[in-house]
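Engineer: Listed below, chain by chain, are the residues.
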Amino acid sequence: MDVLLNLTINGIATGSLIFLLAAGLTLIFGLMHVLNFAHGALFAWGAYFGVWIYTQTDSFLVGILGAIVIGGLLGWLLERWIIQPVYTNTMSQIQVTMGLLLVMNECLKVFFGPNQVSVRLPDYLDQSWLLGGVILIKYRLFVIAIGILVFLGVQYMLKRTRLGLIVRAGVMNKEMVQALGINIKKVFLYVFILGSSMAALGGMLFAPYSGVIHAGIGMDYGILAFIVVVIGGMGSIVGSAMAALLVGVLGAFMTYFVPSVALAVNMLLMFGVLMFRPAGLFGR
Amino acid sequence: MTLLKVDRIETYIGQYHILQGVSFEVKQGEVTVLLGRNGAGKTTTLRSLMGLNPISTGSITFKGESIHHLPTYEIARKGIGYVPEDQGVFPDLTIEENIRLAMQKSDDATLERRDWILNLFPDLKTFWKKPSGLLSGGQKQMLAIARACVNDNELLLIDEPSKGLAPIMVEKVMNVLQEMKDRVTVVLVEQNFYMASTIGDGYYIIDDGRTVHSGQMAELKVNESLKKEYLGIA
Ligand SMILES: Nc1ncnc2c1ncn2[C@@H]1O[C@H](COP(=O)(O)OP(=O)(O)OP(=O)(O)O)[C@@H](O)[C@H]1O
Ligand SMILES: [Mg+2]
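Here the protein sequences come in this chain order: A and B.
Going by full-length UniProt numbering, the residue at position 68 of the first sequence is 68; the numbering climbs one at a time, nothing skipped.
Going by full-length UniProt numbering, the residue at position 99 of the second sequence is 99; the numbering climbs one at a time, nothing skipped.
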């Protein structure tokens, strides 16, 4: 029983990290119909640069903020120079963003060396409590809390702000949004920046969670986020949150009981959902 | 005074040469009707005016300023409201959200216009907080027209507002368009000849992507051969 509870908490924490990555992916796809394969690279860049800032400043919080800022900046550059020219061409999008993922991963190896980088938690987050047989690890709760905060923040943005109203309308009919006098390209850029910062934040939070980072994490987590977006329904934030929890918790159990099939189970889950609900759990 | 001047515009959609020379003028304060058979190019003309199907040659002049090189949102901001053929309401947004999205400002003048148009369409107030996807076809049409009126627009482009509406609804939409006449200038695409001839001032007939005839609606009403030739009205 205690094991199950521990695994559930771990799974929710992993789910939070996946959600941070999936949230941007699903928003970007929902609004712009861009399949951004490079999204995972932002996760890895957030991790590497965040950790670098963390070690330079000796402040984990500054590292987190740095990752968010760098993610946003990268998002701005990518949207402007790389994604915008291929908005209307799905084939080039796939090629360009795939290529970008590889290039960005290689860049990390050039900047930070090919070896894994190990990351330590700051002392104030490196605690745990034993409650009965359940180990409560402070950092996992911290990650879960941030995941919840980001979820609520994005929901607030979508439901209560003008930007969110435009995003929701844009998902349904971009032409009409523009015919109402709204510059949707600007909104694309904002959403891209937001999604990229969330991805970078996810990567930074992941770093001390796993203890080591390597350039491949962008690819690994990118795939998970992709699965989550498909299961949750492209464009749905609530769907992504639910699917991220599902994939996170299922993954934790699988890794504990039958580690060899963990990723395969996620794939099966995705195909299962697609079979019965092609638009995903919360898709339209 | 001429508010809008469209001069020999041509538009391609993909490799198809859809508009091959459409020209017309719209006088301030009038309702100018675009007529023509199905597939003649009426919708494409309005979409070209909005920059949604950009023109390849020709010119579009609004209030003396050429607008055809502008992106859609800037054209709209010049003071042109668009009510597309499919109404373009955002089904998951409430009626209130649809209207709020359209409001470029929230000053007193905008709020006054909003209240004025909502008084013309009380149904919209009744369903204010409901998703607009639940509205009937006629109510969606009302919402689309209301949305185009909340801003300080001088020109409205309205594409077949009577499409799919019951006669009583057509009557209602017509009354509203009549009421709006002293506020805005209208380019109306309309197949319903009764509606077109009741509220239209000048008309242009588009055929195969070209304007082929124009005049005053009053003349067309009695010109049986012209109606038969281009509109298929016996
Ligand atoms: N996206 C498109 N791709 C190819 N051809 C198109 C496209 N949109 C419109 N057309 C063609 O352009 C021509 C003009 O269409 P348009 O919709 O402007 O006609 P319309 O006068 O509005 O007709 P209706 O009265 O049926 O609404 C038609 O032959 C149509 O098939
Ligand atoms: Mg049409």
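Hints in this document: simulated from the structure, not taken from any laboratory.
Heads up, a few of these hints could be off.
[Claimed, not checked] Result set (EDC-like, lysine to aspartate or glutamate): computed pairs, CA atoms no more than 20 angstroms apart in a straight line:
| hint | chain 1 | residue 1 | chain 2 | residue 2 |
| --- | --- | --- | --- | --- |
| 1 | A | K138 | A | D126 |
| 2 | A | K174 | B | D7 |
| 3 | A | K174 | B | D115 |
| 4 | B | K172 | B | E97 |
| 5 | A | K159 | B | D115 |
[Unchecked claim] Okay, the calculated bits of chain A under chain B, using three or more residues with CB under 8 angstroms as the criterion:
| hint | region |
| --- | --- |
| 6 | 39-47 |
| 7 | 167-178 |
[Unchecked claim] A short list of chain A residues far from chain B (calculated; beta carbon distances all over 12 angstroms):
| hint | residue |
| --- | --- |
| 8 | M267 |
| 9 | M270 |
| 10 | F271 |
Note that the Cβ used here is the ideal one computed from N, Cα and C, for glycine as well.
Engineer: Give a verdict on every hint.
Structural biologist: Results for each hint:
Of the supplied pair hints, the one linking K138(A) and D126(A) holds, its CA atoms being roughly 7 angstroms apart against a limit of 20 angstroms. Distance hint between K174(A) and D7(B) is unfulfilled; the C-alpha atoms sit about 28 angstroms from each other, more than 20 angstroms. Simply put, K174(A) and D115(B) have alpha-carbon atoms about 27 angstroms apart, too far for the 20 angstroms limit, and the pair is violated. With a C-alpha separation of about 24 angstroms, the suggested pair K172(B) and E97(B) falls outside the 20 angstroms cut-off, and the hint is violated.
Taking the CA atoms of K159(A) and D115(B), the gap is near 24 angstroms; set against the 20 angstroms cutoff, the hint is violated. Restraint check on the region 39-47 of chain A versus chain B: 0 residues with Cβ-Cβ distances below 8 angstroms, three needed, restraint violated. For the region 167-178 of chain A, the stated coverage by chain B holds: 8 residues have a C-beta nearer than 8 angstroms to a C-beta of that chain, and at least 3 were required. Every C-beta of chain B lies more than 12 angstroms from that of M267(A), the closest at about 31 angstroms, which supports listing it as non-interface.
The claim that M270(A) lies off the interface holds: its Cβ sits roughly 25 angstroms from the closest Cβ of chain B, which is beyond the 12 angstroms cut-off. For F271(A), the requirement that its beta carbon stay farther than 12 angstroms from each beta carbon of chain B is met, with the minimum near 28 angstroms.
Hints 2, 3, 4, 5 and 6 from the list above are not met by this structure, while the remaining hints are.
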